[in-house]
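Colleague: Residues per chain are reported as follows:
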Amino acid sequence: MNPFLLIVVPLAGAALAAAWPDNRTRPWLLPAVGVIHTVISFWLLVVPPPVVPGAWLAFDPLARAVLPAVSLLFLLCAVYGVPYLAVRAERPNRVFVASLLAVLGLLSAGHQARHLGVLWIATEAVTLAAVPLLHFNGTARAFEATWKYLLVGGTGIALSLLGSFCLGYASLHGGGEGDLTFAALSAQGAGLSRPWVLAAWVLLLVGYGTKMGLAPMHTWKPDAYGEAPGIVGAILAGGVTTVAFTAILRVRAVVSAAGAGATADRTLLVIGLFSMVVAALFLLGTRDFKRMLAYSSVEHMGILSIGAALGGVGALAALFHIWGNSLTKGALFLSAGNIRRSAGGHTMDEVRGMSALTPWSAGMFVTGMFVVTALPPFGPFFSELGVVRAAFAAGKWGAAAIFLGCLVFAFFGLTRVVFGVVDGRPRPAARTTARRFPETVGVILPPLILLGLSLWLGVATPAVLREAWAGAVAQLFPNP
Amino acid sequence: MNNSTLNLIIGLAMGLNLLALGSSRLPSLIRTVAVQGMALGVMPLLMETHFNWMVALVAFGTVAGKGFVIPHLLRRAMRTANIDREVEPFLGFVPSLLLGAGGTIAAVALARALPLLPEHAGSLLVSGAVASVLTGFILLIGRAKAISQVCGYLILENGIYLFGLLLIRATPLLVEAGILLDLTVGIFVIGIIVDRIQRAFDSLDTRKLTVLRE
Chain A
0 MNPFLLIVVP LAGAALAAAW PDNRTRPWLL PAVGVIHTVI SFWLLVVPPP
50 VVPGAWLAFD PLARAVLPAV SLLFLLCAVY GVPYLAVRAE RPNRVFVASL
100 LAVLGLLSAG HQARHLGVLW IATEAVTLAA VPLLHFNGTA RAFEATWKYL
150 LVGGTGIALS LLGSFCLGYA SLHGGGEGDL TFAALSAQGA GLSRPWVLAA
200 WVLLLVGYGT KMGLAPMHTW KPDAYGEAPG IVGAILAGGV TTVAFTAILR
250 VRAVVSAAGA GATADRTLLV IGLFSMVVAA LFLLGTRDFK RMLAYSSVEH
300 MGILSIGAAL GGVGALAALF HIWGNSLTKG ALFLSAGNIR RSAGGHTMDE
350 VRGMSALTPW SAGMFVTGMF VVTALPPFGP FFSELGVVRA AFAAGKWGAA
400 AIFLGCLVFA FFGLTRVVFG VVDGRPRPAA RTTARRFPET VGVILPPLIL
450 LGLSLWLGVA TPAVLREAWA GAVAQLFPNP
Chain B
0 MNNSTLNLII GLAMGLNLLA LGSSRLPSLI RTVAVQGMAL GVMPLLMETH
50 FNWMVALVAF GTVAGKGFVI PHLLRRAMRT ANIDREVEPF LGFVPSLLLG
100 AGGTIAAVAL ARALPLLPEH AGSLLVSGAV ASVLTGFILL IGRAKAISQV
150 CGYLILENGI YLFGLLLIRA TPLLVEAGIL LDLTVGIFVI GIIVDRIQRA
200 FDSLDTRKLT VLRE
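Read top to bottom, the protein sequences are chains A and B.
All residue numbers for the first sequence refer to numbering that gives the first Met the number 0, where the first residue is 0 and numbers rise by one.
All residue numbers for the second sequence refer to numbering that gives the first Met the number 0, where the first residue is 0 and numbers rise by one.
Next up, chain B with everything else stripped away, as it sits in the complex (with noise of 0.2 Å):
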């Protein structure tokens, strides 16, 4: 295993999540949660020393479905909703920032506290995975835009992504179920698409979303 290469590849998936945070454009958004998503797809690879074809193929579905399926899903969810910006995010994009920094030093130091085997000493897989479920929570409550908050889910996601490398030797099946958390994402944007057919709501803002509540 490769550690300074992973945690490249890792400290890049942290400068996202900022990236993430503080984008207005929903493109732009959509585009930094691919690349996220596609750079924590190819991590199983360098973990092995040996190729092994069952992580190969769980690598491949990750890159396809969080690289592109789910992108491509969101980008026609956008144009048929027809909206391309987060206006008024409940919480703002300057605040938003300063969350997800002290949310990433709060992650290093999180990280330093918990113990971990010799093997995963001195990797940023934790501190990477904190950060980025911290991340996902902050733009799944602090944005108005449903698209946005699948982003969000999403980013929420490869941090819990991020964990189950740790226990990928281990466990692999438990690992591989989380691609299910694929699929709920893939509900929730077809449930976007389905509902523009319906024109149920006209802007697609989940602040629309109040006719129930108490």
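If we strip away everything but chain A, and leave its shape as in the complex, we get (with noise of 0.2 Å):
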């Protein structure tokens, strides 16, 4: 099977999604293209493809442990998106199916990307992909986060591409011929130049680490998955989040063959702590249920990050809580979106009493929150368990301390959102949108499902993806 297909059948879907001529069939090419990616990136998981050594574009260990998490929410998004489509039958959807398989194919190239430039240029691709999807409700508060995304989204990824530039100054001054795969970068070692390579790993932790939402970085996040439909804020926070932290994984691995792999540890373990503090605190704040979503997504960005700061164990819980955060955010956005459409409104102050009228999507919205908060024996659990004891292992008690209180605050602050939400008597103005938006089969679907995988997940890791998760911490920590 060649892994190209993961980026070029996405492309040709989206080709296909900008001439096809009719609104209400449209929406059917995305799970279509869903079903072939998640069975195209699960056949490449079991059978893993040799890799060129100096290929651009590669199905690496790395992209084999994360990629078909992508491929997963991606496909279960999709199948949500046909109804959620149907009930939106007013606003044209081409621009929207086109985009959102677009950015499902550029995250394919993020994910294989062995080469500094082509990583750059599909996530810098993604960025402006995933612009009309922000902007599809059309209101003046979606063009406002639109706008932010743009602006602080663009000014990352500028930063990233003037990290890049610093990394491969640093190869040139090192006596490098311009070859910019990771692979070439990692064997130059310690022949890099010291100064431009720390000052690339500070560019591109900033740039890559905005695109991940990492405070203080993540001031778009809010706005963007508080405005965005629910399926778009599902693929954000499960799918672009992830190619910008492979990203960070990648290129540490070069700072850290360069011999400045402490540093780097350090200022991960630290912008992921105060990550996960920022989150906290905005968790015990915040009265809206999609926002509240995204700064969790900020509290679970700062988790990968810690758990990539405290070597080959704690990457390995990260690239497992990868897998448990993309399916649970999935399954809480696609609730939170159901509920958010049957309701009317977005905060505790509107909203009340969903139990009473999306009780299907109120009772995964309470369950999915108990899952992010690590929930015994759901996936997030087990994989956030891997990160503490890690930082254990590592000696490291003063950070896990601070991770075990921050993910104590976000829990309060958590279920003081979703019970304000879920619980009471519905207003009045609720039971008449309800009427309009009832729940259907086809909208609690997959985000039980999801909900299942990362129970199924948790209870019942396959081998195959322990395997792959080994498999990606080698090719990281090539000498641990």
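It should be emphasised that the hints constitute simulated quantities derived from the structure, not laboratory data.
In this text, a Cβ means the ideal position worked out from N, Cα and C, and glycines have one as well.
You may find that some hints are simply not true.
If you anchor each label on the Cβ, the simulated ranges turn out as follows [what the hints assert, rightly or not]:
id, chain 1, residue 1, chain 2, residue 2, range
1, B, M53, A, W55, 11 to 21 Å
2, A, R265, B, N51, 42 to 52 Å
3, A, P48, B, A108, 48 to 58 Å
4, B, I189, A, F3, 25 to 35 Å
Not the full set, but computed from the structure, chain A residues with beta-carbon under 8 Å of chain B [unchecked claim]:
id, residue
5, L115
6, G116
7, W119
8, E123
9, L149
10, G153
11, L160
12, S163
13, F164
14, G167
15, Y168
16, L171
17, H172
18, G177
Dock the two chains into a complex; use the hints.
Modeller: Rendered as structure tokens:
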């Protein structure tokens, strides 16, 4: 199976969607491409293809460890997309469907990029392709969110290009000949010019960290997730952020080969803990349940960053956490979208008693909330436990204490909002909107399956996934 | 390569940075950014001793994009929005000028501290790049009007482009990828125009973009 199909099929699907004449049947392209993409990526997960050493794009162990999660999330979001776009039949969906498919293709390219420049191009292209998705609702608030996303995200992406230049110059200064594949850069090792490597690390961490949504570069996130449709939030939080995280992992491996690994790990740990603290504080204050999900995403990006800072064991837990977080966040965003549509509002002040109007979505929202706050035996519990254990093993007691403290505060913040929305008596106005947008099987099943997958990931983590994560860690940490 | 001519152009670009920080009228800000973009666009031609089709094409694309297309779009956005002045910036013009001047000096000092290849020694490329990036940031943070912020983003991008010239021989692809940043700017500006057509806001003041805050 050719891994390039993962990139080509969605992009061809996007072109087809752009040319497709009928607004009503066009959304079916989403699950069609989603199924093909998932089949290919799981095929490649089970039967990994050989990696040509100097290749710019390849399904390498890191791509193998992460990309199938993105595929799976996209497939379920795509299945949800058909009934969702049928409800929103008043809006033309040509640009929306095409952009969504383009985002999938470019994400696949970003995950498989083994070249500094190709990685940057893919990330930049994902950023731009996501713009029409955020703007789908066409309201003034959506425009504002899109503007902030572009301004903050655009600056982040510009800085990561500058960082890529610095890393390129570090290689050139050390006698390199302009081969910017990560393998070649790592092979140069201590030959890379150290001041330039450090400059590159700072810029790339800030740049890709912006895309990932690490604090303090997370400011675009609450607005974008709050105003975009739930399906877009799910793909941004579970897909786009992971490509930025794997970019940081790849760059970290080069920095570590250059002999600055300890510095890189320290910065990752600090920025991760800071993200968790910021997210916990904002979670205690927010009243909007979609913005709440954005802060929760910032928190989980912090967890990933902390995991990456704790060496091989921590990185293994972080890769596990990518899976748990992507699947659970997907369920949360989709069920939140259902609640938002039926309730006609998105803050605790406007919405209450949704357990009476949308019992299924409310139930999944509550369950999903417990899952992201690490309820056993779901996936995120075990991955977060892995991060804590890695912190203990590394002797980082302070970091582990802050980590656990933030989890507790985040739990308080999340339960406050979620139960505020679910409990109580529904407002009379919500009864009419809930009649207009009732829960249907089509919008209940995808988040339910996502929750089921998250449970399955926790109770019976497949051996092939453990092996894939271990392979990725071996790629990223060649000499532990 | 003709180092002194290059340094002259970079010096000009650094001067234009300060001009951009000091101008309150949007047309002159747009003109400053356009001139800077064109000056930087011709630099790859001066760096090559032999005529090279690829480099010529990139130079032509850069000059056309940064010097004509984007300024034209910006002027159109300005007309549709019916504004031509940055009235109340978050950061005043004199403080931003002082910051920009200080940043330029710091950039020169920083460039001395970083190790350079022998063929780049004595060139202002790194100082010019850092100074432009800083100027871009000051405009992005310190200005309230969306069009001024886009101009700030353009200057930031020009700085990155300048830095990329260090690598243009070794990895032309990476440097040319920077053109995608221009596409980002294009989307910014088209966004403004489309929004004006939709009449969602009255003054195009990003200060008004404050419904969403925590």
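Colleague: Work down the list of hints and note, for each, if the structure agrees.
Modeller: For each hint, the structure was consulted:
1. Checked against the hint of 11 to 21 Å, the C-beta distance between B/M53 and A/W55 comes to roughly 19 Å, which is consistent with it.
2. Range check, A/R265 to B/N51: Cβ separation about 44 Å, and the 42 to 52 Å hint holds.
3. Separation of A/P48 from B/A108 is about 50 Å and conforms to the stated range, judged on CB atoms against 48 to 58 Å.
4. Separated by about 31 Å at the C-beta atoms, B/I189 and A/F3 satisfy the suggested range of 25 to 35 Å.
5. Hint status for A/L115: holds, given a least beta-carbon distance of 7 Å to chain B, under 8 Å.
6. For A/G116, the suggested interface contact is upheld, since its CB lies about 4 Å from the closest CB of chain B, less than 8 Å.
7. For the restraint placing A/W119 at the interface with chain B, the shortest Cβ-Cβ distance is roughly 6 Å, inside the 8 Å limit, so the hint holds.
8. The closest approach between the C-beta of A/E123 and any C-beta of chain B is roughly 5 Å, which is under the 8 Å cut-off, so the hint is satisfied.
9. Nearest Cβ of chain B to the Cβ of A/L149: about 6 Å, under the 8 Å cut. The hint holds.
10. Proximity of A/G153 to chain B holds as hinted, the smallest CB-CB distance being about 5 Å (cut-off 8 Å).
11. Annotation: A/L160 was flagged as interfacial toward chain B, and the flag holds, the nearest CB pair being 6 Å apart, inside 8 Å.
12. Residue-level restraint check for A/S163 holds (minimum Cβ-Cβ distance to chain B is 6 Å; threshold 8 Å).
13. Using the Cβ-Cβ criterion of 8 Å, the hint placing A/F164 at the interface with chain B is satisfied: the shortest such distance is roughly 5 Å.
14. The closest approach between the C-beta of A/G167 and any C-beta of chain B is roughly 5 Å, which is under the 8 Å cut-off, so the hint is satisfied.
15. Interface hint at A/Y168: satisfied, since its Cβ lies 6 Å from the closest Cβ of chain B, which is below the 8 Å cut-off.
16. Proximity of A/L171 to chain B holds as hinted, the smallest CB-CB distance being about 5 Å (cut-off 8 Å).
17. Among the interface hints, the one on A/H172 holds; its C-beta lies about 6 Å from the nearest C-beta in chain B, closer than the 8 Å criterion.
18. Here the hint on A/G177 is kept, as its CB sits about 3 Å from the closest CB of chain B, short of 8 Å.
In the structure shown, no violation is registered for any of the earlier numbered hints.
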